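Protein chains in written order, with the numbering used here: chain V, 53 to 166; chain A, 47 to 162.
Calculated from the structure, these hints are not laboratory results.
Heads up, some of the hints might be wrong.
Here's a subset of chain V near chain A, in silico, CB distances under 7 Å, partners left out [to be verified]:
no.	residue
1	Pro96
2	Phe156
3	Gly157
Pairs of lysine-lysine, DSSO-like flavour, derived with a Cα cap of 30 Å [stated by the list, open to error]:
no.	chain 1	residue 1	chain 2	residue 2
4	A	Lys60	V	Lys110
5	V	Lys89	A	Lys117
6	V	Lys158	A	Lys60
Ranges between beta-carbon positions, derived for each pair [unchecked claim]:
no.	chain 1	residue 1	chain 2	residue 2	range
7	A	Asn74	V	Gln97	12 to 22 Å
8	V	Arg113	A	Ala128	25 to 35 Å
9	V	Gln97	A	Gly86	19 to 29 Å
10	V	Gly68	A	Lys116	48 to 58 Å
11	A	Thr61	V	Thr121	19 to 29 Å
12	V	Lys110	A	Val58	40 to 50 Å
Since the model is a prediction, treat every value here as computed from it, not as a measurement.
For every residue, glycine included, the Cβ atom is placed at its ideal position computed from N, Cα and C.
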Amino acid sequence: GENVEQHPSTLSVQEGDSAVIKCTYSDSASNYFPWYKQELGKRPQLIIDIRSNVGEKKDQRIAVTLNKTAKHFSLHITETQPEDSAVYFCAASRGGSGYSTLTFGKGTMLLVSP
Amino acid sequence: NAGVTQTPKFRVLKTGQSMTLLCAQDMNHEYMYWYRQDPGMGLRLIHYSVGEGTTAKGEVPDGYNVSRLKKQNFLLGLESAAPSQTSVYFCASSPGRGASSYNEQFFGPGTRLTVL
Numbered sequence: 053g054e055n056v057e058q059h060p061s062t063l064s065v066q067e068g069d070s071a072v073i074k075c076t077y078s079d080s081a082s083n084y085f086p087w088y089k090q091e092l093g094k095r096p097q098l099i100i101d102i103r104s105n106v107g108e109k110k111d112q113r114i115a116v117t118l119n120k121t122a123k124h125f126s127l128h129i130t131e132t133q134p135e136d137s138a139v140y141f142c143a144a145s146r147g148g149s150g151y152s153t154l155t156f157g158k159g160t161m162l163l164v165s166p
Numbered sequence: 047n048a049g050v051t052q053t054p055k056f057r058v059l060k061t062g063q064s065m066t067l068l069c070a071q072d073m074n075h076e077y078m079y080w081y082r083q084d085p086g087m088g089l090r091l092i093h094y095s096v097g098e099g100t101t102a103k104g105e106v107p108d109g110y111n112v113s114r115l116k117k118q119n120f121l122l123g124l125e126s127a128a129p130s131q132t133s134v135y136f137c138a139s140s141p142g143r144g145a146s147s148y149n150e151q152f153f154g155p156g157t158r159l160t161v162l
């Protein structure tokens with residue numbers, strides 16, 4: 053089955069800095085890679101996703117890059133703000149034809165200090 | 047729309063007791079999932095369903111059973127609770143095959159379960 057590794061497990065940055073979280077996956081057939089944000093005591097919520105026919109996707113201050121050859125993808129947050137503090141999870145899935153479940157990484161706790 | 051809801055929000059059980067967690071969604075989604083979340087372990091899939099009347103095992107199914115008798119509801123049962131089942135349980139749903147956003151999963155607010 054799929055295995056998703058996520059690094060780092062914790063990340064502390066100053067407000068205004070950039071933050072990068074990296075994930076690797078094992079199943080070369082995976083083609084859907086979402087990122088979820090979970091604030092303390094809240095439910096995970098999708099913030100951005102990318103499919104394997106795209107190398108990069110941006111949405112305001114967040115971006116995701118995908119390298120299918122190396123089987124890794126990354127989340128980039130620019131101009132971090134205190135409200136970006138949360139746990140971030142990456143995930144991978146085959147999607148596409150047939151059905152496949154999401155396999156999640158173990159999460160990265162991001163702390164943005166004012 | 048309420049989205050995905052879960053009941054109860056909190057529960058404390060004694061070892062050996064049984065209980066059922068209820069998940070409901072009002073988005074007409076085909077697929078539903080149960081996860082458990084433990085510190086440092088991320089979200090691990092317990093069971094899932096790709097349609098009414100169908101269920102399948104996920105990564106950590108032992109000690110749990112599920113049922114999907116109605117499309118909008120997905121029940122998770124613990125027949126004989128153990129301390130190792132102390133966790134936060136999340137339900138999620140996704141539109142299903144054929145929808146443009148079929149992969150996106152929408153999560154419920156979670157149920158915090160403690161087994162003593």
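These are the hints, each one checked on the structure:
At its closest, the beta carbon of Pro96/V sits 5 Å from a beta carbon of chain A; the interface hint therefore holds under the 7 Å criterion. With its C-beta approaching chain A no nearer than about 4 Å, Phe156/V sits inside the 7 Å limit, and its interface hint holds. The interface hint given for Gly157/V holds, since its Cβ lies 6 Å from the closest Cβ of chain A, which is under the 7 Å cut-off. For the given pair, Lys60/A sits about 48 Å from Lys110/V by alpha-carbon distance, which is inconsistent with the 30 Å threshold.
This hinted pair checks out: Lys89/V and Lys117/A have alpha carbons roughly 27 Å apart, not beyond 30 Å. For a cut-off of 30 Å, the pair hint linking Lys158/V to Lys60/A stands: about 29 Å separates their Cα positions. Distance hint check for Asn74/A and Gln97/V: the Cβ-Cβ separation is about 20 Å, which falls inside the suggested range of 12 to 22 Å. The hint said 25 to 35 Å for the Cβ distance between Arg113/V and Ala128/A, and at roughly 43 Å that hint is violated.
For the pair Gln97/V and Gly86/A, the beta carbons lie near 20 Å from each other, so the given range of 19 to 29 Å is met. The given range of 48 to 58 Å is respected by Gly68/V and Lys116/A, whose C-beta atoms sit roughly 49 Å from each other. About 50 Å separates the C-beta atoms of Thr61/A and Thr121/V, a value inconsistent with the hinted range of 19 to 29 Å. Lys110/V and Val58/A have their C-beta atoms about 45 Å apart, which keeps the hinted 40 to 50 Å range intact.
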